[in-house]
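A.B. asks: Single-letter residue listing:
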Amino acid sequence: MITVSNLTKTFGAQTVVSNVSFTLETNTATALIGPNGAGKTTTLSMLTGLLAPTSGSIEIAGVKDIRREIGFLPQYPQFYPWLTALEFTEMAAKLSGVPASAAKKEAERVLTFVGLEEAMKKKTVTFSGGMKQRLGMAQAIVHKPKLLLLDEPVSALDPVGRREIMNLLKELQQQTTILYSTHILNDAEEMTDQLLFLRKGELVESGSLTEVRTKFESPRYRIEFATQEDALQFASQSQLSATVTGSSVYVEIIEERPTMQQLLERLVASKFAVTKVERVTASLEEIFMKVAGQ
Amino acid sequence: MNTFLTLFTKEFREAWRSLKFVWMPLLFIVLGIMDPLTNYFMEDILGAVGNLPEGFMLTMPELHPIDVLSASTSQFQSIGLVVLVATIASAISRERQNGMATLLYVRPISFTALFMSKWAVASLLGIVSGVAGYAGSLYYTTLLYGSVEYGAFMKMLGTYCIWILFVTAVTLACSAMFNTAISMTLAILLLPFGLMIDSIIGSFWSLSPWKLSAYGVQFISGGTSEYYTATVALTLALMISAVLLGILFSKRNAATAKI
Amino acid sequence: MEELANINWGLIAPLIVVQAILMIVALTDLVRIHATNGPKWVWALVIIFANLVGPVIYFIVGRKSS
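Chains A, B and C, in that order, give the protein sequences. Numbering follows our numbering, in which position 92 of the first sequence is assigned residue number 869; successive positions increment by one, without gaps. Numbering follows our numbering, in which position 70 of the second sequence is assigned residue number 73; successive positions increment by one, without gaps. Numbering follows our numbering, in which position 26 of the third sequence is assigned residue number 380; successive positions increment by one, without gaps.
Pulled out of the complex, with its shape left as it was, chain A reads as follows (with noise of 0.2 angstroms):
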């Protein structure tokens, strides 16, 4: 288990970080989100000990140098042009304090696993987007750490990239603890057991993703008429806060009026034929909005 209690960074009279307290459990995948400028860069800094926080402190149980234990994938990995990916590798293995005699071996391990066999033998300079973001996966779990850090790990990266490498990272998950930074909501909601916003340098909304839809999603309806125009004459009709998108009308239900039931009622009032009617879930991009807004 993680523990980051009040971690604070400023820079002169600006608060970057203020405040910032939450707990990663063993082998579970959190996610770091807000918008940009909110702080999540400079709080991965901090976790790695690149940067020292103002105050506030990391601790890994039972573990003393957290550097040892730590696995990072900054957003735009740069890697020495005139090393081989293998021998990167296996020096950032060696740095880790992987022993010398298994350090080429595990190196090998892991370019396997991130898909780059064929390539660990090329100088880097040659290597494009998605093979240096492999590579930079790889170079972070060489030594096995118990957290591993990883900032906008898929943002850079085409659909097809980004794809391999959520794959990577859920299979990691079993192994490992992983924070990941992003504002890609879509790759959030995908894998994660762990919400944290962050918004201003201060940590605004956390929990697990049903705990925090729970809290912010007001329930919706959509209603999907037959044709635009029913769409368009039931939501001036019916004196409810009601948007239209094609032939669909969406309502939201602000503090529980009306209920399912008074949006039944007028339904059957109502001419129009209905096709369908569902419960609409919010995505995390909508309660993102919500939260960024508070």
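Calculated directly from the structure, the hints in this document are not laboratory data.
Within a straight-line C-alpha distance of at most 25 angstroms, the following computed DMTMM-like cross-link-like pairs (lysine to aspartate or glutamate) qualify:
#1 K881(A) - E17(B)
#2 K418(C) - E864(A)
#3 K261(B) - E864(A)
#4 K254(B) - D842(A)
#5 K947(A) - E885(A)
#6 K394(C) - E17(B)
#7 K1053(A) - E1063(A)
Quick caveat: nothing in here was measured; it's all calculated off a predicted structure.
Based on the hints, put chains B and C in the right spot on chain A.
C.D. replies: What follows is chains B and C alone, placed relative to chain A:
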């Protein structure tokens, strides 16, 4: 020690694969043999291209081995030194600025090992180049101007190696402290430019690292300055201070590595 | 020109050979490197025509290292 060896391997691969260990010694060899050769052919060259007036007699001063080695030394100390300093002044700062260092700094590495690995490779490069240059110069000097005593030559060479260690330590300390642009400027001001200043107004003092190479050359004439030992001691002391500063600042500036 | 013919070329040959090696090393590297700061053909001209200085300048500022 393991960290040092790992980082040393990395640094050495960088220097080797970017051909630094090939081109820099070649440059020093050219610098080393240029002066013995051009001085030897001076009369011919002037006669061929000089358009000297009829009956003009040119009396060339007679050069001794020490004059020639001294001329070669000043080549190494001007062009050679600028090239060496410019090549290594970005060694620490560039990695921070382009983010390559980030993947190292997040690991439990010792910054002493980090600085030492860079200093070792930079010094090796400088020493190999300097030795190659002096070897070239010595070859032509003995061929064209007379023999040089072996022991005296080795003393001169050893002294020059101390100077190189000082140069690399100071330059890398600059690189640890500042960004590449400032580090490059400062190292060039301190070292090649410092030499120039010392040669212009340096007659007022005798103890200065910038005089070390000149004291080294004096061995060739049979004996060196009475200030030699003190100058070596001062240079070594300043070198150690530069190394300590370099280690301190590589650690302190690690947080400025681009993420 | 007669004076030049009398010069002992055996003495100068090593200087020419070393400079040639330096030029060849620089040109080989230029061909093999993936990118340079500025167009490659300009560097080729610099290496060939600026004796000694050309190859050295290429190695210091021409090679792209990231």
